[in-house]
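A.B. asks: With the sequences and hints as input, model every part of the structure.
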Amino acid sequence: MSRDDIFEKIQEVLDDALGVDEDEVTPNASLTADLGAESIDFLDIIFRLEKTFDFKISQGELFPENLSENPDWISDGNLSDAGLAMLKERMTHVDFTSIEDGDRNISKIGDLITVNSLVDFVEIKLAG
Amino acid sequence: MRWLWIDCIVEHDAEKRLVAIKNVSLAEDVLHDHVIDGKPIMPFSLMIEGMAQTAGILVGSTTRFKEKVILAKIAKASLDCDVTAGDTVRYDATIERIDDAGASTSGTIDRRVAGGEAWERIGRIELLFSHIDNNLAGTEFPAHNFVFSDNFKMILETAGLANLAD
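Sequence order for the protein chains is U and B. Using this note's numbering, you'd call the opening residue of the first sequence number 14 and step up by one each time. Using this note's numbering, you'd call the opening residue of the second sequence number 1274 and step up by one each time.
There's no promise every hint is true.
[What the hints assert, rightly or not] Simulated restraints, written as ranges between beta carbons of each label pair: (1) Gln-72(U) <-> Arg-1337(B): 20 to 30 Å; (2) Asn-1296(B) <-> Asn-41(U): 44 to 54 Å; (3) Asp-1423(B) <-> Arg-103(U): 39 to 49 Å; (4) Asp-94(U) <-> Gly-1433(B): 53 to 63 Å; (5) Cys-1354(B) <-> Asp-34(U): 20 to 30 Å; (6) Glu-113(U) <-> Lys-1289(B): 30 to 40 Å; (7) Cys-1281(B) <-> Asp-116(U): 51 to 61 Å; (8) Gly-1389(B) <-> Arg-103(U): 48 to 58 Å; (9) Asp-1406(B) <-> Glu-102(U): 26 to 36 Å.
Hints were generated in silico from the structure; no laboratory data involved. For glycine and all other residues, C-beta sits at the position ideal for the given N, C-alpha and C.
C.D. replies: Quick look at the structure:
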């Protein structure tokens, strides 16, 4: 499946899950900041991706989850170096460059998940 | 008033599908507060609740009602026509996806008008449920399952499905 095909299918997934128009679903659009996704929408998106691409997604594989449960990962509401290293290792489909030297507030981490992140994730899953 | 918007379960295919019916009655206060053009109408929001109860029981039954299953999102809901007193509504729910975090369900709503015999498809509803003990970033909830109350157990017992719960 080509990257363009994956992108088109993800447009449909986000259209169904978030009620957004397909032309709003641009490669660099952030799921939370631009498309208005809330935490429960992530579960909806995961289920729809599983159905669309016929693979299984484990908890925490696509979106960061339960970060606050480990005090080594979060310090004063911010992602620690250890937390960032863990996410970079687990979530190779996400570009963490913008927070490496910037705002690491836990509330901002979701903003890093873009449509491109989903396309990368699906490409990696399908290749694996 | 008890917050039950289904009357009985009529079909159950374990871990896949559950069908429940609701007889709409003028004895329900809510119909008197929802009169349109002189006709008492069953509010669509309560039909969504009826589907949520149907699908919620189905999802809950997969873990013998040990998980706290909460309606988290109405993904889609459409209704083509009104339902009024004397009608019977049928909620047919199917699990689309389920895991430790939650479940998604799809469902149809059928109506049989008063005195009629045929069922007519009048709506579709897609829902998302959360297993909240596994899905709210470590937030702790009471140990007892406050979602599935004795009311729901009564519905299971009436349908001969009491063995689904511990």
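A.B. asks: Each of the hints needs a verdict: does it hold here or not?
C.D. replies: Hints, verified against the model:
At roughly 21 Å, the beta-carbon separation of Gln-72(U) and Arg-1337(B) lies within the given 20 to 30 Å, and the hint holds. Under the hint 44 to 54 Å, the C-beta atoms of Asn-1296(B) and Asn-41(U), about 53 Å apart, fit the expected range. Restraint check, Asp-1423(B) to Arg-103(U): a C-beta distance of roughly 43 Å satisfies the suggested window 39 to 49 Å. Roughly 58 Å separates the CB atoms of Asp-94(U) and Gly-1433(B), a value that falls within the hinted 53 to 63 Å.
Between Cys-1354(B) and Asp-34(U) the CB atoms are about 28 Å apart, so this pair conforms to the stated range of 20 to 30 Å. As the Cβ distance of Glu-113(U) to Lys-1289(B) is approximately 47 Å, the hint placing it in 30 to 40 Å is violated. Under the hint 51 to 61 Å, the C-beta atoms of Cys-1281(B) and Asp-116(U), about 54 Å apart, fit the expected range. The given range of 48 to 58 Å is respected by Gly-1389(B) and Arg-103(U), whose C-beta atoms sit roughly 57 Å from each other.
Separated by about 27 Å at the C-beta atoms, Asp-1406(B) and Glu-102(U) satisfy the suggested range of 26 to 36 Å.
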